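Produce the entire structure from the sequences given, and follow the hints as far as they go.
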Amino acid sequence: MTLRRRDLVRWLGAGAALAALPRPLYAAAAAPSEYFIFIHAAGGWDVTLWADPRVEKRGLVDPASTENTEIAPLTRWKSATLDGDTQTFAPLTASDSKLVLGPGIGDLWDVRSRLTVINGLAMNTVSHPDGTAFCATGRHLAGGRSPASSIDVALANELGTEQLLPAVAVQFPSAFVGDRLDRRAVPLRVSSAATIAKSLSRGTGYLDVTDRDAITALLSGEARELATRVTFPETFARVAAQEDALPRLLGDELAQAFTQKALQAAHPRFDYKARFQAQGALSAAFAVEAIKRDLVRCVGFALGGLDTHNQNYKQHAHTQQELFGVIATLVAELDATPHPTRHAAKLADHTHILVFSDFCRTPQINLAGGRDHYPNNSMLVISPKFRGGQSFGATDVEQVLPADVASLGRPLAPPDVLATFLHAFGIEPRTYLRDGDVIPEMLV
Amino acid sequence: MLARLAVALTIALAAMPEGLAQPTLPDYRYFRALSIDLVGRPPTRDELAAFEGPGFQLDAWLDAQLASPGYAERVRRIYEDVLRLELGPSFQFVPNPLELRRQRVTGPDGEPLDVYFRRGQRRIDADTDGDFCLTQAETGLQFPANAAPTGTAHPVDAKVLAARTALVKPWWLYADARAVAPADRVAPDWATRFPGFVLVPALAFEPDGKTPSTAVRVCREEAQTAETGAVYASGRPGPKKGAPPPAGRLTQPPGDSGFAKAAKGRAVSCASGVGFAASAECGCGVGLERCLPSPGAANETAAFVMPTHVPFGPGLPFEASPQPPAAWLRMWWGEEAKRFMDRVFLEDRDVRELLTGREDQVNGPLAQFYRALASATCCGASVELGYTQPEPLVEPGAVPEALVPQDTATWLPIADRGPHAAGLLTMPVFLTKYGSRRARAHVVASAFLCHEFLADTVKLAPSTEPDLTKRPGCSACHTTLEPMAAAFTRVSESDWTWLPATQLPMVLPRCAADKAPGSCKGYYDPAFGNQLRGAYAAPSRAEAGPAGLAAEVVASPDFAPCVVSTVASGLLGRALIPDDTAWKAQLVGAFTAGGYRMRALVRAIVTSPRYRSGNDTRGTVSKLSSLGSHDPE
Amino acid sequence: MTPNDLGPLAGDGVKVVKLAVLALVAGCGASAIEPSAPRALPAHTTAMVDASPKERRRLVPPEVYLRAYLTWFGGLAPLDVQARARGRGMFDAWDDYLAALGLPDYRADLPRAAQSNTLMLATLGRLGEALCSRAVEHDLHGKPPAVTARVVFAFEVTPAEPTDPELAARIDVLHRTFLGYPLALAPPARASKLEALYRAVVAHHAGVKKPVLSPAETGWVAVCSALVQHPEAELY
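Residue numbers (my numbering), protein chains in the order written: chain L, 1 to 444; chain B, 1 to 633; chain U, 1 to 236.
Rather than coming from a laboratory, the hints here were simulated on the basis of the structure. Predicted model only: the values in this text are computed from it and were never measured. By construction, the Cβ of each residue, glycine as well, lies at the ideal position given by its N, Cα and C atoms. Careful: at least some of the hints might be erroneous.
Just so you have them, the derived chain B footprint on chain L, three or more residues with Cβ under 8 Å [unchecked claim]: (1) 116 to 128; (2) 396 to 402.
Within a straight-line C-alpha distance of at most 30 Å, the following computed DSSO-like cross-link-like pairs (lysine-lysine) qualify [stated by the list, open to error]: (3) L:Lys292 - L:Lys314; (4) B:Lys241 - L:Lys57; (5) B:Lys241 - L:Lys78; (6) L:Lys314 - L:Lys273; (7) L:Lys57 - B:Lys240; (8) B:Lys241 - L:Lys314; (9) U:Lys143 - U:Lys210; (10) B:Lys521 - B:Lys264; (11) B:Lys261 - B:Lys515; (12) L:Lys57 - B:Lys515; (13) B:Lys159 - B:Lys169; (14) B:Lys521 - L:Lys314; (15) L:Lys57 - B:Lys169; (16) B:Lys240 - L:Lys314; (17) L:Lys57 - B:Lys470.
Written as structure tokens, this is what we have:
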């Protein structure tokens, strides 16, 4: 679906009303039993294979075809003639959804009525780190550093500071910026979910829990004491807060629950031997397990393998299929898992997933048989707060560039999605975002 | 006036002898910070005792540390954080000319037998040309690409085996593989002679897993040692489209390229990809030094048990695991850049050499790479345009002959890599980490001019303008980026192959003609008058190359402030702010006046009040003011 | 310059000279102002005003922590440390900890961590415990080497329970090792807190059947662990 003028008028009306709302309304809307999963599809995805399908040669557009794509592993690829012997795909449609998607979506197509797709996001960058930061924080990098906190940190700061692990980032581009945030919201950044268990486990035979608690208490007290003796106390105060959290984190229970073996046993539906996303499957299992135990507020992780400039583009659609397959399993796991604090609710009712990539790939195939970086993008939201089975935003037909949204006078951009996401949970976007407008039309 | 007098008097008083006193807490913390930044670890108890002793001279201690490897490593780390010059597994490097794969057949004695071969090796025999050197009829097996054989094996006839293969004592088993009778075989003492060089067992032992290998069996063509080979044209008619492969083969034999037909019999270098693709007389050279072993048929089969986490270099690994041959090269490319930076900082050379220096240091694996491997990626489709003789970024003749491939420990200088060399910019790790011309220019602008490409407010609109310096929305960044990227026009993307003007001029008449050969497409851009790709925004800079760009960058007024800013931010742990403007200007002045030496810059930073107070200690203030400082505070 | 020049506080004589000069400066300033009737100066005490520039403490680079760790392990190579530290579940593999410590991975373009987090502290704690227990085994347990050959616990221990001054002197050795300055310069309560920790752990482990280490040795593991992961060890 593309944006319609009347929709935008409605949005703007709602936006104006929103702008006039006093802060307390936001504060009252806090949602402490919600969970968030952020997924970075690392490398830059080809949106014409899923969110914004293209099946004819037009302008710059050279669609996915049997000449540039290995179609054998693709479960949702239905061939359609492109040119002579060359086949492209038939877009996926269904009567119960307004979405039109490409075969890269894989098994996630089964939950199409819950998908909110945002197309035509203006990136104004084709740099991996910059595009990633722009999607995660709403700001471009400045001096190689992120000038704003990422969306997971913002939500952890607002809704997660009481959690043991407010924000966990497994190769996710989290950024904690500024002095105004609660120090407990500093994201716990790791390279792999399995390493968390290794750091939490403790040996036997020397110190025991009592000893360790005494040490941690001493260190926490020391940090607080030092905070009183310096000009900038926040560094020591942050350490004190982290020391305070440690005793609840350490111990056999969590260390055992987060081992690779335990995660795989507890969540056998994920494909841990997937060709491209085996590591991501473990991250997703960790997310479910940590949420199920009410330990976290936000989990961010990366699913990768999308940077396909040359012949490896042939596997791009398969990589996407695996990537969305992990998310499909994640949704199924959330559907099957009871909410830890809300009676009779399932996790999926209160877990909100946002998926983004660095940018998209060129509509044309390059000389090496791949696609390069392109300053357009799409995002995916799976959330009970968002209108499912819909797509928003649009691109032009011939060059797959973000199209202006008439009433806004500009295309959509990542800050708009982030602002809408924060707003959905009663958080004033301007607290965290310099740019971006709330798009109420996306929300239920 | 009075205020100035008061300040002057206060400073004068601060410099007055204070009498005997023990170091204070800020003194200890300052000393610890200096140790952390310049030694690379906190002070030991003995070092603290020396610091507290009556004879301790902080000035002298500082000078000593600023000449130590710890200091060089610290500064290098600041630049590593910016440049990230290490390659991960996403950069697959498996060119067919280099990778000596292995298939297992059944030997004449009925025992398993490993035979090494190269995918795509040219052979005169049409049954095996471009494929494994033993046929299905001879082995009972078929040999699919990148996979283990299929079928039911039977023993290979001894005469066939002798005719098709040869026994070679290869470089990975013999340090003296170039000798007539190699004898310095892999042994326990290699662990100390060649630290980090560890073969996977599959390379060191026969198929029984117990018997140490003393030689390897290699297809006869791969075992050839000639430096040049004659271009081979089979004269076979090309297969019809869709025709099945000949009996016993899984693929069609290679056809004759236009180059092969035109240059049949001409000599080509066997070190180049051209020799591999076009001659049946080119093999892996003496001791197989032009190839890397891979104990399997698939891509990326593990060959070396090598360090994989090396924050302190390959000599002190934090993890070692079996890795493919490409990982071996990737690691040493990264180490080359680190050593290059270390040398600039440790010897206090002109920092501009990071971009302009033509010297280098190499160890055995790098010497092997430059001597025998680097040309293998030359020259792709440009062969059809006449580029057949590789023009290297590093003159192979400049590489020390004495270094054997497994000598990881000995680093010898290369006085001059050649006229195209430009510091880090022409090193393999840089050119492959940043594969495209624009990526290369971007990182140069970001790391050495502190210039970011951001277009926060412009709007991209559909446009057919191919010139990104003019295209609406793109121009904001590309006006700067494209001319810089043009400097890398003559270095192949994701590769280090130089595209010389003598063979690939800026405009090649053949490629500007109406019916240009298909191979033109990869090199010449029809959107810009059929100029060499990437040059359109600055053809003169394209001819000047990376060395020309380097000269421009170091002459830029932004270069020295960027160095100062980068290093000061790294040591202070924060970005510089407007309050730092005067201090930064003073540092820049001293840095440039002093000949762009890092040691003086770091000394000025770590003796400045900003750094000295970096530990945020409230209370009494130390008097370390006798240390020279350019800080106006 | 010698450390004797480092003293921040001038001797009394110098302080008087300074005050006199400053008073002179102040007096000169006053002469340019319209005269007025003299008033009694208010009583005041001399306050040391710290007007020096300040910076936030920064995280010790993980490379520095790792190098120090290897040094405290007796200068062993990383893989030797890994082999030595294993046993009784004290250590897995370096690869499991490097990212949690904040080490960048240039191959994957993962930047270094600039701020601590809870998992980093947990990792520092795990590594610290491994170091301290192995160091006690080497330096204090069984037939220990001479004090000069001890890597971490470079002090004599006696069978008798140490007095408070004895204990403070021994803790000072560890304090200097891990934090880089004497215990005497630390906030006043630190010594007593560490002494209390030692005595609490010793008491807690008294009577444990078939202990790996004696209660006193376990007490040193605790003090060592506390100092090696102390906030001041982590920051600079």
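Exercise for review: Can you take a look at whether the region 116 to 128 of chain L is actually covered by chain B? Rule is 3+ residues, C-beta closer than 8 Å.
Suggested key: holds (count 4)
**Study point:** Per-stretch coverage check for the region 396 to 402 of chain L, three Cβ contacts closer than 8 Å to chain B
**Key:** holds (count 5)
Exercise for review: Decide if the proposed pair is consistent with the structure: B:Lys521 and L:Lys314, CA atoms, cutoff 30 Å inclusive.
Suggested key: holds (21 Å)
**Study point:** Hinted pair B:Lys240 and L:Lys314, Cα distance within 30 Å
**Key:** holds (25 Å)
Point to revise | Holds or violated: B:Lys159 to B:Lys169, with C-alpha atoms at most 30 Å apart | key: Holds - the C-alpha atoms of B:Lys169 and B:Lys159 are around 21 Å apart, at most 30 Å.
Point to revise | Pairwise hint evaluation, B:Lys515 against L:Lys57, where the allowed Cα distance is 30 Å at most | key: With a Cα-Cα distance of about 24 Å, the restraint between L:Lys57 and B:Lys515 holds, given a limit of 30 Å.
**Study point:** Pair hint B:Lys521 and B:Lys264, alpha-carbon separation not exceeding 30 Å
**Key:** holds (25 Å)
Practice item. Decide if the proposed pair is consistent with the structure: B:Lys261 and B:Lys515, CA atoms, cutoff 30 Å inclusive. Key: Since the Cα atoms of B:Lys261 and B:Lys515 sit roughly 20 Å apart, the hinted pair holds (cutoff 30 Å).
Check your understanding: Is the straight-line distance between the alpha-carbon of B:Lys241 and that of L:Lys314 30 Å or less?
Key -> holds (22 Å)
Practice item. Would you check the hint for L:Lys292 and L:Lys314, treating anything up to 30 Å between C-alpha atoms as holding? Key: It is violated: about 38 Å lies between the C-alpha atoms, which goes past 30 Å.
Check your understanding: For the pair supplied as a hint, U:Lys143 and U:Lys210, is the alpha-carbon distance within the 30 Å limit?
Key -> holds (18 Å)
Check your understanding: For the pair supplied as a hint, B:Lys241 and L:Lys57, is the alpha-carbon distance within the 30 Å limit?
Key -> holds (25 Å)
In summary, the numbered hints that this structure violates are 3, 15.
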